[in-house]
Amino acid sequence: MPGPRQIARPGAHTELLSAAIFQLEITGMSTVNFAELGAINMETTTGEYQAIGKKGIEHAKLFGAQKPPTVTLKRGLDKDLTIWTWYQMVRTGLETAYKTCTLKFFRPMDPYPGGPPGLQYILQNAWPSKMNIGSMKSGTSDLVMMELTLICDNIIDPNAKASF
1 MPGPRQIARP
11 GAHTELLSAA
21 IFQLEITGMS
31 TVNFAELGAI
41 NMETTTGEYQ
51 AIGKKGIEHA
61 KLFGAQKPPT
71 VTLKRGLDKD
81 LTIWTWYQMV
91 RTGLETAYKT
101 CTLKFFRPMD
111 PYPGGPPGLQ
121 YILQNAWPSK
131 MNIGSMKSGT
141 SDLVMMELTL
151 ICDNIIDPNA
161 KASF
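For reference, each letter of the sequence shown is one residue, going 1 to 164 in the numbering used here.
Bear in mind the hints are in silico, worked out from the structure with no lab data behind them. There's no promise every hint is true.
[Unchecked claim] Using 27 Å as the maximum straight-line C-alpha spacing, the simulated DSS-like pairs for lysine-lysine come out as follows:
| # | residue 1 | residue 2 |
| --- | --- | --- |
| 1 | K137 | K74 |
| 2 | K130 | K74 |
| 3 | K137 | K79 |
| 4 | K67 | K130 |
| 5 | K79 | K130 |
| 6 | K67 | K161 |
[Claimed, not checked] Computed spacing ranges between beta-carbons, pair by pair:
| # | residue 1 | residue 2 | range |
| --- | --- | --- | --- |
| 7 | T27 | E48 | 35 to 45 Å |
| 8 | L81 | S138 | 19 to 29 Å |
| 9 | T92 | I52 | 47 to 57 Å |
| 10 | E58 | G93 | 44 to 54 Å |
We treat Cβ as the ideally placed atom computed from N, Cα and C, and that holds for glycine.
Take these sequences, add in the hints, and give me the full structure.
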């Protein structure tokens, strides 16, 4: 059976974050700026445990398998071919398509470019699983958006301190 559950205590780091720029540094390639972070998804499935004890059938929900984390980013379509090239590496099955990336959040008050980000995550063995270029209509000046979904083995917050 799992151990006792503890309730998280409110910490000193309760500042809400907003970001003006999301920057993805792709190891061995280049840095690409994004206008929007769609989501960062991390999920652990639930496993069920059932046993017969002194009081009858006992049920418990346990940690199950880890699903690979995903990150969805959006940006205006331009002539930068970094993402396109990376996605083509995946489509052709190149093992070098697995990249360590750093996703940086620059807030409006952060010194950009060149200064430290307000927040950052490291994506280990990331690769683009989906690239979607939005619809276009001739004769308009609408901004065309590109949406990128990344899958990775792990997401690390380099500033997090393990307290367990």
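Against the structure, the hints:
Pair hint K137 plus K74 holds up; C-alpha atoms about 19 Å apart against a cutoff of 27 Å. Straight-line distance between C-alpha atoms of K130 and K74 comes to about 12 Å, which keeps the hinted pair within the 27 Å bound. Only pairs whose Cα atoms come within 27 Å are accepted, and K137 paired with K79 is accepted, the gap being roughly 18 Å. Note on K67 and K130: the hinted pairing holds, with a Cα-Cα distance of about 17 Å set against a maximum of 27 Å.
Restraint check: the Cα-Cα separation between K79 and K130 comes to about 19 Å, which is no more than 27 Å; the hinted pair holds. The straight-line distance between the Cα atoms of K67 and K161 is roughly 23 Å, inside the 27 Å bound, and the hint therefore holds. Between T27 and E48 the beta carbon distance is about 40 Å. The supplied range of 35 to 45 Å therefore holds. In this structure the hint that L81 and S138 lie 19 to 29 Å apart at CB holds, the actual value being about 23 Å.
Between T92 and I52, the C-beta spacing of about 54 Å keeps the proposed range 47 to 57 Å intact. Against the hinted window of 44 to 54 Å, the Cβ-Cβ separation of E58 and G93 comes to about 47 Å, which satisfies the hint.
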